[in-house]
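Student: From first to last, the protein sequence lines stand for chains V and P.
Heads up, the first sequence is in UniProt numbering, so the first residue is 1 and it goes up one at a time.
Heads up, the second sequence is in UniProt numbering, so the first residue is 1 and it goes up one at a time.
No wet-lab data here; the hints were simulated from the structure.
Beta carbons are placed, not taken as given, at the ideal position from N, Cα and C, and that holds for glycine.
It is possible that part of the hints are untrue.
As the list claims (entries may be wrong) - Here's a subset of chain V near chain P, in silico, CB distances under 8 Å, partners left out:
#1 GLN73
#2 TYR643
#3 THR655
Here is what each chain is made of, one letter per residue.
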Amino acid sequence: FRNPVHMVTMGQTRSESVNPDLANERQTASFSVEKLTAWLDGGAERTRLRRAVVDAIESDPVFSRENQYFQSQNERYEAAVRKAVHLQKKMHEMGWSEDGPEFKYIYRAVAGDVAFLLHRIFMRSISMLGSDEQVAKWIPLASQYQLIGSYAQTELGHGTYLQGLETTAVFDVTTQEFILNTPKISAMKWWPGDMGRSATHTVVFAQLYIHGKCYGIHPFIVQIRSLQDHSLCPGIIAGDIGPKMNFEHIDNGYLMLQSVRVPRENMLNKFCEVQPDGTYVRRGSQKINYFTMTSVRISLISGEAIPPLMKACTIAIRYSAVRRQSKLKPGEQEAKILDYQTQQEKLLPQLAAAYAFHFIDDYLQELFDRGYREIQRKNFDTLPELHALSSGFKALVTQYCTSGVEICLRACGGHGYSLLSGLPSLYTKIIASCIYEGENTVLLLQTARFLIKCFMAASTGQSVPPSVTYLAAAKPGKCPAKNKLDFLRPDIYTEAYQHAAVRSVWRTGSTAAKLQDLIQSGVKKHDAWNRCTVQLVQAAKAHCHYITVKNFAETVEKIETKGGIQRIMKHLCDLFALHGIFSNTGVFLHDGYISGEQMDMVTASYLDLLAIIRKDAVPLVDAFDFTDKSLNSALGSYDGQVYQRLYEWAQKSPTNKQISPAYGKYLKPLLHNRLSKL
Amino acid sequence: MMNADLRRERAAATFQTELLTHILDGGADRTRRRKEIEALVLNDPDFQHEDLNFLSRSQRYEQAIRKSALMVMKLREYGIADPEEIYWFKRTCLGSFPEPLGLHFSMFQKTLETQTTDAQKEKWLPLVHGVKIIGTYAQTEMGHGTHLRGLETTATYDPATQEFILNSPTVTSIKWWPGGLGKTSNHAIVLAQLYTQGQCKGLHAFIVPIRQLGTHEPLPGITVGDIGPKFGYDEMDNGYLKMDNFRIPRENMLMKYAQVEPDGTYVKPLSDKLTYGTMVFIRSLIVGDSARSLSRACTIAIRYSAVRHQSELKPGEPEPQILDYQTQQYKLFPLLATAYAFHFVGAYIKDTYRRISGDINEGDLSELPELHALTAGLKAFTSWTANAGIEECRMACGGHGYSRCSGIPDIYVTFTPSCTYEGENTVMMLQTARFLVKSYTQVSSGQRVTGMVSYLNDLSRQRIQPQHVAARTVTVRINDPVSLVEAYKARAARLVEAAAKNLQAELNHRKSKEDAWNRTSVDLVRASEAHCHYVIVKLFTAKLAEISNAAVRAVLTELCLLYALYGISKNTGDFLQAGILTDAQITQVNQRVKELLAIIRRNAVALVDSFDFHDVHLGSVLGRYDGNVYENMFEWAKKSPLNKTEVHESFHKHLKPMQAKL
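Start from the sequences and build out the full structure, keeping to the hints where you can.
Tutor: What follows is the structure, encoded as structure tokens:
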């Protein structure tokens, strides 16, 4: 009986040896993996620091995620609290601080699997919205964990649209207190993290009423649990909202307020204050709040959206180099599934996207830093552009990464569905990012609103922000490519994307203009807007897609690192760009910018690239440098000992350890036909 | 009391929902019978149970076993024996979830019925029907799935004792995934490479006892267990099975076709074509399941969108229903149309299979290859589309869709494996492509082909008179479904031809057939998709003519148009590149899609009501028939395990000590 290498012999120990199928892939890398890793990290020094932090966390047994897939919601929650508490100790021991360079690596290492993430949002909202006295009072308590905070904005019946919130805070002049109420069930706070079980305090957003007049949404600090015994405070009904697709470790909560009184000083009053006699005073500009949202969305892209896609690619590509299925050539052993064109067509574009978005993150970060410097000088001019880009890219990247992770999951055949593959958890977690911090469709419409405004301004000769100047400079024309190699030229495909984006914005703009006429003739403005929204969403996506391609091409151009990095990045950039055209042919064919004949060239070049990048696929995911512990996947480990690990991990399942009463209670009577006696 | 929004929606419908329900069920009689059977379950206190979302995996398994056992007894008590009626009954018991005994009644029983000799039938079938034994079907191994010939489990015949010795020689050969294998079954049909007289005779099926009757302990030489937690399927004990020199009597090989005689002589089977039939049948079930799963997700999302209010469209007015937003309609209504399309496709395959399998018994297999090829592709096409559609529905419910109380996560995790099981979808598409290329080659060599691929016959005619292609371009009428069928047909023909030509070009460059096939496989999958898409539009359109009630026909025509036009707007490149539609027509198509959204809007709730799912089938707080969403979300959340005590034990264990130390 033949025993080819891919068949793992029984009794073979979980080896230090790497599966030869993976080892071979690494030997033929066309570039230096270590150099690419360092370049992605922003320098070898940062790679070293990252590895040191990750190692310190992963070697600490409290942070182990070994049994995570077998734990109940209660166990996951308890572990997350234990880890959060231990992390404070660890950071103290290691001399790490929240604003130090280590912090983002800590988050990467614990893979978000800790409690009290909302505690940080609580602190940030006080810092942003509170007066100096309020900051001085609350921040030390919070940073010492004398209280645990949450952030209660979303309600059962109201999410994205803040003005629609129904919670009320009525000012009582006689006692100098606000009386907070949940007037009906849809007004219950719903979803805030850490609120169901952990938090003692929360920032509650409520409609402020003074002398019967509504002043809109304001933030209030409300204590919800006793600092002594953690029991609920009078007038508070709070609890966990129940199981979700993921985040079992977080106690997302509900909160009902029944005439809860808080002192006047508990309204966060940096921008507006209620004076003792009930006079309402507004001060300063709230524009800075937009800036906070922008920063949250940008950090979400790098923290929550891109790493799961990188991990999913790592797991799926390594597994595809180990898994063999069917024969490509008669008489030979079964082929690695990575050698199938259809498998490459699923996975390699996702890999290219992971790189593309890594570079977009750099781009946004730079833009943000520049904006931040301006804002410190009280110049808010960059804010609209920053807001539009961060909204659009939050939507584009989370959506793209979500579907990418799912493609990776389904590319792993049956084993992808096992939790032990790590892929289902990556997926169920990343999908939430399409909703939180702004639902994606709503965000794209915000970007579109900005684009239309810029388009209108540009067409009347006014100046527009740098990222949209192309809208004015657009010239009609045809794609100049003459053969399939021309489509490997960044200028050619970037131009094509630019054309598509301009056309999309322009079409929407002109439709909007047409509808402006309609408005004047009686159609309501909001109806006009609503009727354009499908188009507007497409325009916003086209804009972000164009910037991603352009930025990728420029990044490749600027690469100075040696070791074959530029060549392979160029291939990935080409692949990302051509995949976008190949998957949206209509957009480029419509109006004849790219001809049918040219489209066949695109397809040919695109398919050629798959075969080229295939050779470096494993080294390209190795360069992301995820440890086995952080992947937590039986399919994706560095050594490729997939089957042995799957078998060992399955033994640990509680279903194999605990005795199920099902046999004695139900199966046995069924087999003996005594069920009717039950 | 019904939510006021939903009441208004229902009152405004332009057609009678029951009439459409009858069409979906296949007649008013069948609707009535279905409701009778559902009532048996709904009114039976024995089937009441706690919400599964709050239970651990072991508890969910236990509940599922309880229900399985109960269903066996009740079905017998009520004398329900028709497969479809059994299905209605079970679906109402199980909601979205699988049952651990499922494979006993499907694959185990069916295989024993079809692949055994009379003597074997006599021995095993009474045990199976009486549930004296519980069995499953163990084919997939840890290292081998779709490619059956790669399986490694061995069954070596020992003439001295007249036994087969079963072995799992490697880790990769361990049976992995079969449902009900881990904890429930005491027998399994095991697929293994047969060795006799020193020769490998390929894959054969064997009945293998795995657990001791009476004690349920694994037998000596058998290692069996649960493969651990998965993406859904918590109720199911998908299992592993390792055999070490495990002996079974010669009579345990299923011998209807191939046989091993006592001395070890191997007798070859006559024909194995018939096993095709089972595959076609199972895949046709998946097409139906795609329709139902997507319908359930649409029901939840559309009802919730009618109840949920958000933001403002008109300044100063109350927040509108989110169903009034064009972007929301654009997410949901094409999926609603798709769900209807898939219902009709599922019914078509089932009928065709029934008709052909009649012929099979009379020996006429001529239509089987096409049906086999078609169901492979349609299985992939519908499961991929439904899979993405269910997720789209969940996302359209915003944050609450993510909560388990929405029910959509359960629909999704239960449905999504069907993209992989019973034939991985990409492999399925390539099977269909193989048939398409074969048909194309026949046409090229002057033969005519029949059935759904007969449009390929036109290709040769076009080559003679190319101007006809151009002439046809302008005749596509975008408001006429029949004309759109022609457009889809032209697209399929073009993509099949392009793939076949690319394949030929690769063959001209390279020697190996397999290599050329691999290098064309992306094109081939696209061709298959286009073919399936055409078939679906065609079947949906054909259905319209059968509907007598004018109001129902009108609303289904709108859905059919939306399905066809939306499909074009998502694949404009194919239609433009082939010159089937012009730029101007594409612009019209996009515009028309948006107009149809507004037209379908008024009937949206009625159209999901027509699916006639009971709240028990939906398992969703958001999708409740009465629309009382928020109060019931609160009631549901109170039952969360984290809420069992007011102060969680973590406070005493971790929080308090930390605060004391800092």
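Student: Please verify that hint: GLN73(V), Cβ, nearest Cβ of chain P, below 8 Å or not.
Tutor: 6 Å, holds
Student: Please check whether THR655(V) passes as an interface residue: C-beta within 8 Å of a C-beta belonging to chain P.
Tutor: 4 Å, holds
Student: Close enough to count: is the Cβ of TYR643(V) nearer than 8 Å to one in chain P?
Tutor: 5 Å, holds
Figure legend: structure checked against the earlier numbered hints; every hint is met.
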